[in-house]
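Trainee: Construct the complete structure from the given sequences, taking the supplied hints into account.
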Amino acid sequence: MAAVNRRAPDRVPIDFGSTSVTGIHASCVAALRDQLGLERRPVKVHEPCQMLGLIEEDLKQALGLDVDGLFRRNTKFGFPVGGWKPWRTHQGLEVLVPGGFNTTTEPNGDTLIYPEGDLSAPASGRMPAIGYFFDAIIRQEPIDEEKLNPEDNMEEFQPISEDEIAWLTNAAEEAASSGRAVTGSFGGTSFGDIALVPATFLKHPKGIRDITEWYMSTSSRREYIHTVFSRQCEIALGNLARIHAALGHLVDIVYICGTDFGTQTGTFCSVATFRDLWFPYYRRVNDWIHAHTPWKTFKHSCGSVDRFIPSFIEAGFDILNPVQCSAANMDAEHLKAAYGEQVTFWGGGVDTQKVLPFGTPAEVRKQVIERCRTFSRGGGYVFNTIHNVQAETPTQNIVAMIEAVREFNGATAHV
Amino acid sequence: MGRQRMCDPTLLHDAILTGDHKTAIAVTKEAIAAQIDAMELVSRYMVPAMDEVGRRFECEEFFVPELLLSARAMKGALELLRPLLAAAGAASAGRVVIGTVKGDLHDIGKNIVGAMLEGGGFEVIDLGADVAPETFVDAVRQHRPQLVCLSALLTVTMPAMKETIEALDRAGVRQSVKVLVGGAPVSAEFARKIGADGSGENAAVAVALARRVLAP
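Chains as they are written, first to last, in numbering that gives the first Met the number 0: chain B, 0 to 414; chain R, 0 to 215.
Hints listed in this document are in silico derivations from the structure and should not be mistaken for laboratory results.
Wrong hints could be hidden among the right ones.
Claimed, not checked - With a cut-off of at most 25 Å between alpha-carbon atoms, the simulated PhoX-like pairs for lysine-lysine come out as follows: (1) B:Lys205 / R:Lys161; (2) B:Lys365 / R:Lys192; (3) R:Lys192 / B:Lys353; (4) B:Lys84 / B:Lys59.
Said to hold, decoys possible - If you want the footprint, here are the derived chain B segments under chain R, 3+ residues with CB under 8 Å: (5) 34 to 42; (6) 260 to 269; (7) 348 to 356.
Glycine is no exception: its CB is placed at the ideal position from the N, C-alpha and C atoms.
Mentor: The structure is reproduced here in structure tokens:
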């Protein structure tokens with residue numbers, strides 16, 4: 000936690016798998032386990048949308064990880080994690096998936112997946128025949144402008160049940176017993192995260208669920224979005240208070256929001272729009288957390304968000320991820336010099352668009368060491384790749400990355 | 000005899016610029032009723048409006064939501080005009096086959112580029128997402144475009160861009176078209192490496208790039 004508190008720790012801490020944006024594709028987890036000589040067993044896919052592999056205790060120890068993750072009971076397809084059963088990926092890898100992971104195969108070989116595992120409901124995700132993960136199937140009812148009701152976009156924002164709080168408390172106790180820092184992803188505070196707008200977890204989503212329609216609505220139906228965010232915020236604060244009362248002492252970091260504001264070269268909206276439409280709600284959530292808990296708050300936004308970072312900081316975020324240095328104006332040295340005193344960087348360790356999947360181990364090592372040197376100066380850095388490690392990433396590059404962090408940390412032991 | 004309402008086609012320009020889909024449709028219907036030449040509507044009002052949308056996007060007055068709103072308004076108007084343009088035998092700036100490559104379902108970027116090209120006076124044949132190399136080949140044979148645009152968002156589907164270009168090559172149609180590639184992970188270096196004729200870093204530059212590669 001010294002790193003998160005922007006004090007210089009004895010070494011750069013490492014995260015893989017504590018959130019749904021800092022994970023590793025199941026196929027890479029399997030290959031890594033093989034490479035490291037760990038017990039051969041099917042990898043559990045704990046996040047079926049992106050097909051992220053669960054990083055179990057033996058792999059955590061082998062990689063020297065420093066953070067554990069705490070997740071809500073249900074996946075992005077609305078069925079609970081657990082009740083594992085075998086499934087074979089399109090590339091022929093045997094994995095374990097949650098019991099509710101029910102699929103059908105299209106004539107063209109695509110796989111469809113269903114909300115709450117209910118095969119009688121319209122499918123909510125599609126994996127192409129040669130694909131590695133699911134994309135949302137857009138289920139958008141025709142929009143009648145006169146009848147649009149913000150309530151329809153709030154079905155997913157509900158008070159958390161006592162039953163789930165008890166479940167989370169058990170999971171938090173287990174995570175905290177590891178001695179690692181714990182990141183909680185409690186849900187409900189992602190305002191307009193485009194990955195969640197299509198509501199792949201709902202059987203019959205209403206309101207604005209089409210991604211293009213939602214983006215347009217942030218410009219043309221701003222009052223509607225304000226109403227959704229405002230009510231969502233009220234419910235989220237109530238849930239956070241109850242979660243904190245039950246298990247707050249077991250958690251160090253809270254994943255707040257994954258809404259992406261950056262593209263490869265620019266931003267999805269102006270700073271002025273951000274400050275009108277998002278900032279007030281982020282501020283309320285962060286203010287509540289900082290007033291009532293010791294938690295640090297985690298904001299994920301891909302892309303070129305340099306000009307948004309001052310507003311993220313002003314809104315009270317403590318941690319920024321994934322630090323996409325490969326996007327425009329996101330040079331590591333610049334970010335550290337400009338914002339390193341005010342925010343912790345969590346990510347940025349190596350580029351997952353070019354270097355990690357397509358570079359050589361030597362190129363990976365070079366970039367990892369450079370990034371560790373830059374971002375860890377004076378603390379305030381947790382090592383992670385720029386977003387999840389994608390499928391088909393060469394295992395020797397993943398190993399080179401971990402060895403480079405160890406080298407930077409002064410360890411001589413090899414992975 | 001009832002007086003026919005005067006139609007002001009500059010309102011079409013403004014409706015596209017402000018992303019007002021309803022007004023764009025209404026003005027286009029009025030313009031058709033007033034027998035204003037469809038080609039003139041496109042070239043004097045719609046293309047300049049989308050050029051201005053692109054300019055505002057480039058200088059960050061507009062962002063993705065505004066681009067999408069304008070594109071929707073423009074497409075609504077164009078749908079009404081298309082039969083008239085076809086009947087008049089109007090020449091387009093060029094014919095484009097566009098699609099997201101095999102294995103990749105992401106189509107928003109591709110849709111915006113397609114709309115910007117349409118707004119730039121191109122005829123766009125959109126093959127959708129998750130498009131196999133052989134489907135691109137078939138489309139090139141069938142539609143005889145001057146330009147093929149390939150989109151990918153994922154690193155794992157970038158190789159499908161190369162495979163598509165190779166398929167065009169094997170089918171003997173590569174030399175008949177220019178190929179442009181785009182998408183978040185795509186760089187100019189990658190485009191060169193896989194034998195594409197160019198890449199654009201965003202949708203707004205697509206029209207200029209298309210015009211440039213097709214210039215005699």
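Trainee: Taking the hints in turn, state whether each one holds.
Mentor: Hint check results:
Distance check on the hinted pair: lysine 205 of chain B and lysine 161 of chain R sit about 40 Å apart at the alpha-carbon level, beyond 25 Å; violated. As the CA atoms of lysine 365 of chain B and lysine 192 of chain R are separated by approximately 23 Å, the hinted pair is consistent with the 25 Å bound. For the proposed pair lysine 192 of chain R and lysine 353 of chain B, the alpha carbon gap of about 14 Å is at most 25 Å, so the pair holds. Between lysine 84 of chain B and lysine 59 of chain B, the direct Cα distance comes to roughly 23 Å. Compliance with the 25 Å bound is thereby established for this hinted pair.
Coverage of the segment 34 to 42 of chain B by chain R is violated. Counting CB-CB distances below 8 Å, 0 residues qualify, and the rule asks for three or more. Check result for the segment 260 to 269 of chain B against chain R: holds, 8 residues qualifying (beta carbon to beta carbon below 8 Å, three or more required). Given as covered by chain R, the segment 348 to 356 of chain B passes the check, having 4 residues with a CB less than 8 Å from a CB of that chain where 3 are the minimum.
The structure shown violates the earlier hints numbered 1 and 5.
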